[in-house]
Every structure is written in structure tokens, then in C-alpha cells.
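Chemist: The listed protein sequences derive, respectively, from chains E and B.
For the first sequence, the residue numbers in our numbering are 1 to 278.
For the second sequence, the residue numbers in our numbering are 1 to 268.
Derived by calculation from the structure, the hints in this document are not laboratory data.
Misleading hints may appear alongside valid ones.
Restraint-style ranges between C-beta atoms, simulated for each label pair [what the hints assert, rightly or not]:
no.	chain 1	residue 1	chain 2	residue 2	range
1	E	Glu61	B	Asp59	33 to 41 Å
2	E	Thr150	B	Glu56	35 to 43 Å
3	E	Gly143	B	Trp254	48 to 56 Å
4	B	Asp84	E	Arg18	23 to 31 Å
5	B	Ala250	E	Val270	46 to 54 Å
6	E	Leu109	B	Val242	55 to 63 Å
7	E	Arg62	B	Glu87	23 to 31 Å
8	E	Leu40	B	Ser232	51 to 59 Å
9	B	Pro202	E	Leu212	52 to 60 Å
10	E	Arg267	B	Leu99	48 to 56 Å
11	B	Leu99	E	Ile128	43 to 51 Å
Just so you have them, the derived chain E footprint on chain B, three or more residues with Cβ under 8 Å [said to hold, decoys possible]:
no.	stretch
12	50 to 63
13	232 to 240
A few chain B positions that, by computed beta-carbon distances, are all more than 10 Å from chain E [what the hints assert, rightly or not]:
no.	residue
14	Ser4
15	Thr7
16	Ala42
17	Leu187
Where a beta carbon is used, it is the ideal one built from N, C-alpha and C, also for glycine.
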Amino acid sequence: MSRTDTAPGLAARSAPYRAVIASRVSSQRSHRTSFRVDLLSSLLVGLVELAEVAVLYLQVERIGGLDLAAALLVFAIADVGFSVADMVVGHCDNIPTYVRAGTLDVFYLRPQPLLLQLMTSDLQLRRIARAAVGVVALVVALGLTDPPFTVRTVALLVVALVSATLCFAAMFVWAGGVQFFLIDGAETTNAFVYGGRYAATQPATVWGRPLLVVFGFFFPMAFTAYLPVVTLLDLDGGQQLGLPGWIGWTAPLAALWAWALAAVSWRLGVRHYQGGGG
Amino acid sequence: MRGSGRTYWRLLVAGFRRQSTYRLAALGGLVANATFGFLKVAILFAAVRAAGGELEGYDVGAISAYIWVSQAMLGSVNLNGRTDLAERIRTGDVAVDFLRPVDVQGAFVATEVGRSLFAFLPRGLPTLAIGVLVVGVPLPDHAWALPLGLVSLLLAVTISATTVYLLATSGFWIVETRGLQILYMVLSGFLAGLFIPIWFFPEWLAVLASATPFPAMLMYPTDVLSGRVDGSGALMHVLVQVGWLLATVAAGQWLTRAGRRRLEVQGG
């Protein structure tokens, strides 16, 4: 296919996805009461997760070199990233259900990539409410930690938020690929996807070596929020881990690594799938 | 007509055996429980050390016991609110359950408790063993913390079953209970003291948590088993649990009877 074909083709090729997403949006808005309860629940999920962090830091001055304000900033970046990723690819969690029910075969029949179909199959608007908690926390945390309002600060925040979202999205896709093999054992991947979310809100300095290997580097959760905040606020967490002060800027590399893992896992999983028969 | 005690015992055993077929799921649960356990150890140990070695009555040993006992209980208490019964009420299949010569609530609770007890074998005990071997968990100071703790544990899994039963029966009045179920999932873990002991909460939040049955499902048995509370404190925890059990059973009986009158089965 030559380059000239793809440019005008993009709008046409994305048309089915746009149509599907528009129909999801209108279908969710049509059941208003149910949608409101969903929004409220999602808001509460965000608040409870915030409380889990805040309660601990209200008890003691600092944990692992973070005070309440800095911990709030770490939480906020991780939470915004996770909420957005969850909204877009979170329903990869449903793969075992689809596989068991045999409904996954339908996706294979359509002439569109499987992952794109899954992404648009169940876009949950209510998850916006959860991201809202993260955004408010981010604004408050920035007010409390008061980093200098410079190009560097803004750039680092943007890099961190985009990388965090990409990292968490990669985790969901990685887990999705593994679930083709595990089916009943899907909870195994929860340990790393949701465990990873929990880990991302912690200062990596409190981890022992095994946790550092798993959540610091293999699944680069420390790079989603903690290390960018260390660089942003000029804390000594990086040095304690033997990392340079500018380590937070390398978050995009971590996202790249996470997506490499996700791509391998997804390809193997999709090829492994044998169909529901029938 | 009600079934005899033997019937419910058989249902309990059936629940136990049903769960035993999901071996891979149990392994997955174990991996998740242990991973979260290690993350909790990292952050909570650091918090206790930052507080100078003791935080709200917890030293490093007590917090380790709290973490591993609560992680071990996770597979056995239903903190997500998902039940087959909710689906049976939504579809109207529950009408069949009402025809059976057993109490609907009794049968549900017996089956759930059976499943919960089984979950201790492949999930609970190995999780605790990982904690004991890798991190270290001190034994409670008093020998009788163990028998009392086991009573508290049994009460906790039963209260969890009688409480999710209440959630499921709300389906007699509202058709779509998924929103409530998510609400339950969000609040139960937090108020049960899953990520942070409720004793770390600010006063008002701790009071609020104590006004719900959730601490009786996780926090109290963890306190009793780990020996953080002893003597009258431990007895008090168990008594409060008995209170919640009676209250949730009574509410469940009442909701079942009221719901049965509301039940509308769409035939055709």
C-alpha cells in the first residue's frame, strides 16, 4: 500500500470504530439512573483509593522519603494514568469470560484487529468519574508541593502522565494475552495489573530487592509516577536506589519496554487461541 | 417446610467440594494474595518504622501478623459482593429455589461457608505460610488466642455470607443490582481494614467503619488471631461478631419473606 492511499483512507478506516464508540456512548446515557449509580460508584472507587494513601501519610511525617503532599502527587499521576488506561483497555479483563462463552470467535470473524475491537466493545464512560478524582488530586498536590512553574515542570508532568497511561495500558494488554493461556487462573495476572497499580502509588525506596525487580523494572511501575515525582521535586529517592537524579525523564523508555512485553504476550495469546468450536 | 441440620451440612460439604475443582483459580488467588501481601509489608513496615517502631499499638511483628492473616482470609470472605444468587433473582430462577424444601437463606449461607472453608486449604494456609517463612509472623502471646481466633474466623466467613445475601436480595426490589454490587466492593474492603487497619483511620472514620458489618469480616478475626487484642478485648470482638451475625440473619429472613411477595416471574 503506498503512502498516498493511507492518508485519505484513515478517516474512512476509523469510521466503523467511531460509529461503534458513538453507539456505546449513547447506549450508556440512555439508562440514566443506572448510569448515575455507576458514576457515583466510580467516583467512590477513586476516593477510597485516595483515602488508602492519605490515611497512612496522615499518621506519620514521611514514608520512604515522601511526605503527604509528595505522596499525593505520586498517587495522582498513577491514578490518572491507570483510570484512563482502564477506560480504554480495561475490558481486556473480560477475555476469559469471552473465551469460556465462545463469544470471542465473533471478534475473529470480523475484518478488524482483535485488540481494537475489544477496546471499542465496552468503553465505559463511568470510568471518567474515577479519572476526575485523580485530576483533582493532581491539582491539589501541585498546589501543595509547589514545584516551580517552568517549561521543565510542565514537560516532565506531561511525559509522566502519558508514560503512566501507556504503561498501565500495556499491563492490561499483557494480562489479556496471558489470559488466553490461564482462563481460570486469571487472578494471577491481577497480582501484577492491580498489584502494579497499588505498587505505583508507593515510594520504591521501601521495596526490597525482589519487589524492585518485579515492580521497579520488569513491570516498570516505579517509572509511572514515583520516579518522575522524585525528579520533579528533586528528592533523594533516586540516589537511594542508585539511580541518577534525571531518572524520571526515562519514563517513556519504561513505557516502550512495557509495550514490548505486551506485544509479545498478546501475539502469543491470540495465536494460541483455538476457538470455541461448535 | 424446612430442611434439617443434616441438609445444610450436606450443602456445606457440597460447597466445599465444588470449590475444590477450581485448582488453577486457587493458584491464581494465591499468587495475587502473596504479591499484595509483600507490597503491604513494604509500605506498612516503612510506616511503622517511620513512626518510631510503633503505630497505633502495632509494632513490626503485629503489623506482619495483621498483613498475613488478613491476606490469608481474602479468598474466604466475599468482599466483592458477587453471588450466583443475585443473578438467579434477576432472571427469576430463584422461584425454583423457593419451591425446594429448604430455607433459601440457610441453603445459600451453608454453600457459601463450605466454599469459604475450602479456600483456606489452597489459598489461605499457603498465603500464611509464605508470610511466616519469608517475612516472619510472631505467634500470639496467649495460647487461647488460637481457639478463640478460629471461632472468630468462622464467624467472619459466616457474616460475610449473610451480608452478601442481603445485597443479593435487594434484587427483589431493584432489577439491576450491579451498581450496588460495585458500591459494596469498593466500601467493604476499605471499611473491613483490608489495606490499612481501621485503627489507623481518623476517629470519625473508625467510628463509621465500626457501624458496618465489614470489620467483623476481617479486622476483628485478624486482631484476635494475631493476639493484638487479648482477654476481654478479644471476647468483645467475638461478641460484636455474634451480634452482627444475628442481625444479618434476621434481616435476611425478613427480606426473603418480603421479597418473596414482591417476586415477579416473567413467564411465557
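Chemist: Against the structure, test the hints numbered earlier, and report the numbers of the ones violated in rising order.
Modeler: 1, 4, 7, 8, 9, 13, 16 and 17
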